[in-house]
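The lines below spell out each chain.
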Amino acid sequence: MLLTGANGAGKSTLLRLLAGLVPPAEGSLLWHGSDALADGPAHAARLRYLAHADALKPGLTLEENLAFWARLWGGGVGSALAAVGLEGLGHLPARMLSAGQKRRGALARLALTPVPLWLLDEPSVGLDAASITRFGTLLAAHREAGGMVVAATHVDLPLPGARALRLGGAA
Amino acid sequence: MIALLKREWLLAARHPGDTLAAMLFFLLVTALFPFGVGPAPETLARIAPGALLSAALLAALLPLDRLFAAEAEDGSLDQLLLSGLSGAQIALVKALAHWLTTGGPLLLASPVAAAMLNLPVGAWGVAALVLGLATLFLSLLGTAGAALTLGARRGGVLLPLLVLPLAIPAMIFGAAGIEAAASGVAWRPFVLLLAALTAAALPLAPIAAGAALRAE
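Here the protein sequences come in this chain order: W and C. To convert, note that position 127 of the first sequence is 127 in the working numbering; the numbers rise steadily by one, no gaps. To convert, note that position 85 of the second sequence is 85 in the working numbering; the numbers rise steadily by one, no gaps.
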């Protein structure tokens with residue numbers, strides 16, 4: 001699902017809400033008909049959330065950054081880096097990477113282990129054309145395997161046939 | 001949790017300045033006392049327990065305000081909260097990592113500080129034990145404080161105001177323990193009380209910090 005809307009329309013907030021990071025002011029969040037927030041860690045385990053911030057520690061190398069998440073979630077660091085085209089840069093400290101490379105480093109977290117739901121907040125910011133194509137492959141593989149994607153964006157994403165939700169009403 | 005502790009350790013190893021700063025701060029503060037109260041050995045030995053503990057607690061406070069703020073800034077905190085670990089588990093690891101990277105080095109520096117303050121050599125062991133327990137207590141309280149003040153403007157100032165008053169019991173029992181050891185009377189009751197305080201904070205502070213992180 002593609003999430004669009006003006007700045008301040010609430011796209012990021014909706015994604016954070018879906019991730020369980022902020023509680024809904026009213027209503028409830030359902031997963032297969034049952035309250036998703038009743039068991040926070042179980043809900044967290046079925047999703048990957050890609051925020052604006054890349055959550056890479058500048059002092060650690062790309063490999064060390066990913067290795068931490070791989071230890072928590074499983075998956076291979078090498079194949080995840082290869083999926084975003086960063087296989088040669090794993091030894092570099094994250095602070096030496098360009099903005100687009102950091103973004104790809106954050107995207108590599110998605111490629112670690114398969115989970116049903118990806119929540120992406122403007123995933124393509126800073127990516128060049130080749131990286132967006134590669135990201136499209138990643139997205140296609142995820143959807144092929146039955147995965148869901150909710151992506152907030154202002155630009156076209158390689159998500160053919162996705163439903164669109166336009167948030168409006170920002171003052 | 002082990003993975004997170006390993007990461008914290010790796011981060012501390014990449015930025016040894018923070019650890020070193022706390023250690024040097026501790027030594028410098030204890031070095032100031034002889035200048036202030038004069039070099040008379042008896043006077044120094046008299047104030048040594050309190051001076052050691054105050055300096056250690058202040059030094060351990062230094063890196064606390066970055067404990068969660070750095071994670072929140074680069075987006076890691078959101079990811080950690082979604083990592084499958086509970087808020088309390090994250091806070092417990094953070095507290096332990098803080099203690100290992102500041103409290104531990106302070107222990108190493110404590111003989112130097114104790115010598116500068118003319119603390120009898122017989123009391124050095126107890127002093128190190130007390131400093132270890134008191135800094136662990138402060139790490140735990142401080143983690144809760146850091147979680148509470150996360151996102152507050154000037155949280156770095158608010159944090160000591162919140163945490164230091166709560167550390168007063170540790171100060172009282174700790175200093176009494178070192179003083180007892182220095183004058184050759186039973187020090188165990190004081191140290192055991194301090195250990196009891198720390199043991200009580202071990203589960204309670206991370207739970208409070210975890211709740212604060214969730215609500216942030």
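It is possible that some hints are incorrect.
Said to hold, decoys possible - Residues from chain W shown here face chain C by an in silico Cβ test under 8 Å; the list is partial:
no.	residue
1	LEU2
2	ALA44
3	ALA53
4	LEU138
To be verified - From the structure, some residues in chain W lie toward chain C, with a derived Cβ separation under 7 Å:
no.	residue
5	LEU37
6	ALA45
7	ALA51
8	ALA55
9	PHE68
10	GLY75
11	GLY76
None of these hints come from the bench; they were simulated from the model. C-beta atoms are modelled at their ideal positions from N, C-alpha and C, and glycine is treated no differently.
For each hint, the structure was consulted:
Given the 8 Å rule on beta carbons, the hint for LEU2 (chain W) is violated: about 22 Å separates it from the nearest Cβ of chain C. Here the hint on ALA44 (chain W) is kept, as its CB sits about 4 Å from the closest CB of chain C, short of 8 Å. The interface hint given for ALA53 (chain W) holds, since its Cβ lies 3 Å from the closest Cβ of chain C, which is under the 8 Å cut-off. Here the hint on LEU138 (chain W) is broken, as its CB sits about 18 Å from the closest CB of chain C, past 8 Å.
Contact between LEU37 (chain W) and chain C, as hinted, is not supported at the beta carbon level, the nearest pair being about 11 Å apart and thus beyond 7 Å. Of the supplied interface hints, the one on ALA45 (chain W) holds, with its beta-carbon coming within about 5 Å of a beta-carbon of chain C, less than 7 Å. Satisfaction of the interface hint for ALA51 (chain W) is found here, the shortest Cβ-Cβ separation to chain C being roughly 5 Å, below the 7 Å cut-off. A least Cβ separation of about 4 Å between ALA55 (chain W) and chain C falls short of the 7 Å threshold, and the interface hint therefore holds.
Interface hint at PHE68 (chain W): satisfied, since its Cβ lies 5 Å from the closest Cβ of chain C, which is below the 7 Å cut-off. Using the Cβ-Cβ criterion of 7 Å, the hint placing GLY75 (chain W) at the interface with chain C is not satisfied: the shortest such distance is roughly 13 Å. With a least beta-carbon distance of about 15 Å to chain C, the hint placing GLY76 (chain W) at the interface is violated under the 7 Å criterion.
The earlier numbered hints that this structure contradicts are 1, 4, 5, 10, 11.
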